[in-house]
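There are 4 protein chains.
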Amino acid sequence: MTKIRTAMIGGGIGGFIGEIHRMAMRLDDRYELVAGALSSDETRAMESASALGIRGYETWQGLLEKEKENVDCIVIVTPNDSHAEIATSAIEAGYHVVLDKPMTRTLEEAVALANTASTSDGVFAMTYTYTGYPMVRLMRERILAGDIGEVRTVSVDYRQGWLAEPIEREGQKQAAWRTDPQKSGAGALGDIGCHAEQLARFTTGLAIEQVRGDVHSIVQGRKVDDHASVQLKLETGVVGDLVCSQVCTGERNHVSVRVWGDKGSLAWSHEACDALKFTAPDGTETISFCETNRAPSGHPAGFVEAFGNLYRDCADKIQGKKVDVIDAQEGLASMKFIDAVLRSQESQSWCEV
Amino acid sequence: MTKIRTAMIGGGIGGFIGEIHRMAMRLDDRYELVAGALSSDETRAMESASALGIRGYETWQGLLEKEKENVDCIVIVTPNDSHAEIATSAIEAGYHVVLDKPMTRTLEEAVALANTASTSDGVFAMTYTYTGYPMVRLMRERILAGDIGEVRTVSVDYRQGWLAEPIEREGQKQAAWRTDPQKSGAGALGDIGCHAEQLARFTTGLAIEQVRGDVHSIVQGRKVDDHASVQLKLETGVVGDLVCSQVCTGERNHVSVRVWGDKGSLAWSHEACDALKFTAPDGTETISFCETNRAPSGHPAGFVEAFGNLYRDCADKIQGKKVDVIDAQEGLASMKFIDAVLRSQESQSWCEV
Amino acid sequence: MTKIRTAMIGGGIGGFIGEIHRMAMRLDDRYELVAGALSSDETRAMESASALGIRGYETWQGLLEKEKENVDCIVIVTPNDSHAEIATSAIEAGYHVVLDKPMTRTLEEAVALANTASTSDGVFAMTYTYTGYPMVRLMRERILAGDIGEVRTVSVDYRQGWLAEPIEREGQKQAAWRTDPQKSGAGALGDIGCHAEQLARFTTGLAIEQVRGDVHSIVQGRKVDDHASVQLKLETGVVGDLVCSQVCTGERNHVSVRVWGDKGSLAWSHEACDALKFTAPDGTETISFCETNRAPSGHPAGFVEAFGNLYRDCADKIQGKKVDVIDAQEGLASMKFIDAVLRSQESQSWCEV
Amino acid sequence: MTKIRTAMIGGGIGGFIGEIHRMAMRLDDRYELVAGALSSDETRAMESASALGIRGYETWQGLLEKEKENVDCIVIVTPNDSHAEIATSAIEAGYHVVLDKPMTRTLEEAVALANTASTSDGVFAMTYTYTGYPMVRLMRERILAGDIGEVRTVSVDYRQGWLAEPIEREGQKQAAWRTDPQKSGAGALGDIGCHAEQLARFTTGLAIEQVRGDVHSIVQGRKVDDHASVQLKLETGVVGDLVCSQVCTGERNHVSVRVWGDKGSLAWSHEACDALKFTAPDGTETISFCETNRAPSGHPAGFVEAFGNLYRDCADKIQGKKVDVIDAQEGLASMKFIDAVLRSQESQSWCEV
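Chains as they are written, first to last, in my numbering: chain A, 1 to 353; chain B, 1 to 353; chain C, 1 to 353; chain D, 1 to 353.
Treat the hints as calculated values from the structure; they're not laboratory data. Be careful, since some hints might not be right.
No copy is singled out in the list; a pair is fine if it fits within one copy or between any two copies.
The calculated DSS-like cross-link candidates involving lysine-lysine, where the alpha carbons are at most 25 Å apart (straight line), are [stated by the list, open to error]:
| id | residue 1 | residue 2 |
| --- | --- | --- |
| 1 | Lys183 | Lys173 |
| 2 | Lys173 | Lys223 |
| 3 | Lys277 | Lys263 |
| 4 | Lys263 | Lys66 |
| 5 | Lys223 | Lys336 |
| 6 | Lys317 | Lys68 |
With the rest of the complex left out, here is chain A:
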């Protein structure tokens, strides 16, 4: 099948999210990354492109202009404040666009961008990670199919702890732009609150109509919100509660969404991403497991990543690095074990391995 020729804006080498996007693109081998304007720092942009072996550009404008014939799709992973301008230009230039969340820095920009997108024939897609989990999709399907009856209440809890200290003042780059309202817009609400609220909408299929937020900057001196508790009113009289926080010390990346209807409830959490829990009115819990991971049923999410680690080691070793791989002596030891067990079964006694 033809691969989709892709260019990336933002995502220079050494950052975090760009490499995640690139790995995700490679996983099913349907994209070919051919060009990039990978940093607003021109030197870093060119060096990153070189490291990736793709055509490099010093500016995203240059890329959009020059690659029209050779690129189908633009992936935008810059800080929020440039989303609107870059995405608008890419759409208008006729590219398909994949844009990291949140959509833009301000609501005004988002309205305009949505208008632009609506006039384009190209695909415009955003990477709300949690909708990529098969069990979140199944949760939505089952709720829409009526498995829990009429929805009554929804609860979403998204807590991180990585901004529990004012690390933005200590030069942590990820923290710096995320806590700078000029770059990010909102703080926790924009960075993770959008995931939380989208999970409420996505799983229930209901729009949020009204909110009442209790919003805080718990770390003193922080310029954006880092903690918010929000009461929700959704369509059809459904009520909800949502908390998003980046100052819950020690939380790695806790995301959970629970929805109760009059015939039962469904719950999902990031910690057990392959499981979907249904609770019947009598309290019995039925846990379904993902059957649509890349590895067949029974192999949990992450299996491919573990396999990838083995191949990383092999690559290291092949390229001369001193690392351990499972070698022939290891393989032989297993064969000796199997043989000894079978002999011990025959002799009904202990056998030397």
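Add chains B, C and D to chain A, keeping to what the hints say.
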């Protein structure tokens, strides 16, 4: 960085393990798959190569002979009975070799292959998946570092249920060769017992010296073992128990390894692959979480795969398939939510979204 | 040791909470239940007393008047609307008083009762169940000792599903008085919200200063609240969120309390009542287990209750009921097993049991 | 209802198991403990009886002789070596007998005792704790009812860590007699192995026909077994594996039993004693929760014990000890909270508590 030019033997399109290996190779983008003899069925071999866009061969012999100048590494994912011959030839032809487990069909073949491997300068590596999990590696490191004191006992439990019925007689291909002793050698012992016993050795750093197995073919008429309980004696007087079974109805892929020393214990299970549990003598449990996944700390294993699902959908949509992606209206809804929460904070009242 | 002579008001045979209080009193054998006015229905009151083998009274007034010399402590387990009057009278009559939650039906009654209690030399105690869990107490101790640093935010979640349907209209007695504002005052807020808010205060040692509640009667026509989401402001600037609901279909009795400070967090949930989870800033979780249950360390809560089930069966059998107990043949089977295992160790072979 | 007049042999004040038995007897209030020969040390025996307010005896022989008219049931909680003689005498004297496990020190004694018991009209019952858990009983019922089809394999794992060090040499009394073969017979096999093997039989309804044990004294110099791995053959061709160990450092009291049939599996573990997990052939797990605890559905095992803790505190306070109870100010605070939430709902704004 230069990519490793790779060819695959076995792993035709439509099978399972070949695609897992290919995804794993792509994940870090250090391999370039350039050729393949992907099936013992010549037609399927050529069609599979064509579908992957690589140079196809009708036989592995042909591949090994013709690709010496253009391929660095051979990945072998055929059924067990051909491992010995192919791997030996590949090593002797000077390739690096990556071989799926178990090493060979018989112990005799394994001894010979290990000898061959020991004479080669090339890398010989086997894909024992579980050693790819960072927390299994950490478990080994901590045990070798003395964190649980002197090891006393180890318990490994690997149970699947997919062979609970005689599906090999109903044409299930994976089951057919795995339960044919001419192709597979041992049954459950070879297919998953080798993972289990290797986990015992890998985590403790101790060889298994003696075994006493109670081996069964629980499904009537099955020609290989499908259930085994094995008592273990390891070096330094350590005792152990190991169960591997493919007839434990309903088990997806339950793998757990627990090791007790005189200063505490460590335990890992596949279901919670990002966690490593240490239990102190007083019973307090300390659970460490993986910090070396591809996504940064807090994002569990499988995050990249979920992200990959989003990109798969985008690819589908870009290529004309009718699928849902998170579109501009969704992105806009989030921005409206964030804006409404911030307005509600200002007004200290409910706000329309 | 001298036992505390006790009388109970409310708690007639066949109800739920009276028997729980009586079992709890017997557990450590420090109370002697001697009298009761066990129901507002005089016949049932006398029959219940007779069944318990204690002195019965048709009215609580009669009991309070007549038992002054022979009773030390009054336990009150009536519906909320009579708490104030009975408790006040009991205090004024010089008894120690144990009162089930919530304190009264209305705030006015509570203020008056607290005044009365403050003038008495007797003990006045309320049965907030969750403070009886050793790990909730440990959570408080550790937070007050500074183990999580300065408290920042608290989250309490108390959800039940038993009122998901309007069972009060179908004659369910527990539901009927709890949803009758004349008897109960508030609904979910009074029945379980008081546990939730008390857990927030108890574990942090901080008073709640301000609240903003979103309160609903989700079941149509219900006269009291059955679902509330409450934003909290506690002393020292701590913020919190609390949900209590009795209409979350399928929830048995989910109670969790989590507190985050700037040095870590502590969390407890009813489902795992013997565990207390501390999360360090780096995400490592340390789980302590209860060491102060009645059965020694390692035996979880409920061990005594399981043991009690065995004694219940024995009592049934001794009194002629046909039930199974573990009999001599069972005991003998175990001895044969032990003997056979030891023989098999000597002979290093299978042994008949 | 008439109470069963009971005497206890063994179980002096300060020990562990006697008090557990006494609490269990009190829980449902169907036993009246009236006499005891509570220790083989005559002084301690008389002091313990005095502390409990019951008739004391210096020897169990004296008790059995003198209490024939006044006692119905003898509870025996002495070390194993005296079980046979005392139980035989009690049966022959016409008492009902409740005997702690294991039945006797040796198989020979057990055979004789079982014969004696079979000739008596009285009840003879043993306290195998785990059969007191409602979900273990449900597991048996469901397996016997065919819920998992034909049973294929069973796995029992019972691990403790309290004997990981040779504490019997440091005067730990519980350890001393349990590791003295003259008093206990077998070690871990007798103390906990009998629970494990009985769970295998009880849940499946199948007898164990053959065993092959790998039995160890892992702590050097210990005179009894402290670790055993046992392969099992049960009736109808069922195979099993069983591990019991008292030297698994850090294990509190881990007990799990899993049974697989050809239509699914059922699993129970002590850590989650209220849950019973069924796994369907497709891997879906259905978890049922206990509905027959003393507290109604939703209240987990241990609820009564937590309630008992509150009453213990009240008793302490009433008897002059300085302890905290939930007092009137606490109750009032809850009422203020409820009132403030309801006011905030009316005013749709923050309210002072």
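How the hints compare with the structure:
no. : hint            : in the structure
1   : Lys183 x Lys173 : within (12 Å within a copy, 55 Å between copies)
2   : Lys173 x Lys223 : within (16 Å within a copy, 54 Å between copies)
3   : Lys277 x Lys263 : both (14 Å within a copy, 22 Å between copies)
4   : Lys263 x Lys66  : neither (56 Å within a copy, 51 Å between copies)
5   : Lys223 x Lys336 : between (64 Å within a copy, 21 Å between copies)
6   : Lys317 x Lys68  : between (40 Å within a copy, 19 Å between copies)
Taken one by one, the earlier hints fail for this structure only at number 4.
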